[in-house]
Amino acid sequence: MIIIGEKLNGSIPGMAKAIEAKDEARIKELARMQTAAGADYLDVCASVQVDQEVDTLKWILDLVQGASDLPICLDSPSAETLVKALPFCQRTGIVNSVSGEGNKIDLIFPAIANTEWGCVALLCDDRGIPKSVEQRMEIFEAIMKRAKEFNIAPSRLYIDPLVITLSTDETALTVFAECTRQIKALYPEIHITSGLSNISFGLPARKLINMAFMVLAVGAGMDSAIVDPTNRDMLGLIYATEALMERDEYCLEFIGAYKEGRIGPPLESRKK
Amino acid sequence: MSKIQEIAAVVEAGKSKEIEALVKAALDEGVAPLEILNVGMIGAMDVVGAKFQKEEIFIPEMLVAARCMKKGVDVLKPHLGETGGAMIGKAVIGTVAGDLHDIGKNLVSMMIESAGFEVNDLGVDVPAEKFVEAAEADEGINLVAVSALLTTTMPAMKATVAALNASKARGRFKVLVGGAPITEGFCKEIGADAYSPDAGAAAQKAKSLV
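Protein chains in written order, with the working numbering: chain A, 1 to 272; chain B, 1 to 210.
For the record, the hints were derived by calculation from the structure and aren't laboratory data. The reader is advised that the hints may include incorrect statements.
Cβ-to-Cβ under 10 Å is the rule here; a few derived chain A residues that face chain B [as the list claims (entries may be wrong)]: (1) S11; (2) A46; (3) V50; (4) G202; (5) E260.
As the structure is a computational prediction, the values presented were derived from the model and not from experiment. Using N, Cα and C, we set each Cβ at its ideal position, and we do this for glycine too.
Generate coordinates for the entire structure from the input sequences, incorporating the hints supplied.
Next up, the structure:
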């Protein structure tokens, strides 16, 4: 499972405050916490107005890369911003994201063509997020065609089939899961990823929906997630589900994470 | 419980199966159609919106309540006369150019409609000119609601509000803005009349504006 730590995102109120207050210590702390929890990448999203975005990203990236050796998942809704901010990243990371929308692919795929950078690709286009599996798969095929043009191997792609809110559409998970299964059947080496904030929007006890989503999505073949790695319950659930899906030989990953104290009861609370 | 109270309770609970018969029964009893609409339905949706804001109810419950009201209004419509009766105004709503998000906009559209507005929903990715055109096209328009969900489309919201502010019909309508990255401060900065953080508040704001 490839864990992309979600906490350095300016659309989360705490991080927005840290950006606004130029709270360097807090940003470094968020980077360190997620690194210690076992994240593989750190998502960095400024979520500020467009004219300040590149400068803000540079400032956050310098802080984060001073506090953690993890590669960055560079996150912006603006393709122009992403291309401008790429050089600020010290290690090969993941661009988040392209989609079938506008000229995003035209800008980003050439910029990462001759690199090892990964790229998140959302299955939406200029029509929005399609309702049906068939339409999302059409967008997927179009993205794969473009990836081939730029020699971007499937293993570098993180497809996000997109989850909409369950509270307004009962098919939110089932459509996601079916896309995941079909994509994995076509390209076993491709990655499937998703964030978790959308699915439970507008419902009470959102944690429960998020956790059930995680199990079902991983069950369908999702092998990456943009989550809070310091959420022990969620992380434990990911490891457990992977083991149950035959993706963790001898359950060694699960046991290892337990022994490191990253899942299950915290180390200090365990009997000696 | 009076028929009106029963209707309000059924709308609030979103019991779509019961609403048609109940509205018919109320009409048969001689209850004024306008009263059914204003007190029984719009009144109930006020309560729904307020409860949603306090997190006493959740989005799906708001959806079923609005769906229930819509069914009731269908029964009521032929009895309301040509004007549609109690309409407190006409609204234009849409998501700004470059932004394809419609979930929030749809909820607001539904709640504004349930508050007694006739709604012209322009959909997503709506250019500023189209907002202006729609606002100017109908003398009755007194509200324009503009949605943006991305930081990248906030400039499009600014441009849309600027275009609306330059409209010759600006004196006749108010401009309401909302969406995840939007704040009260941004609303003031771009010269909109009001900001709303959620669909329940949007309906209330809409009513107070016109």
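Index of numbered hints that the structure contradicts, given in increasing order: Structure breaks hint 5 only.
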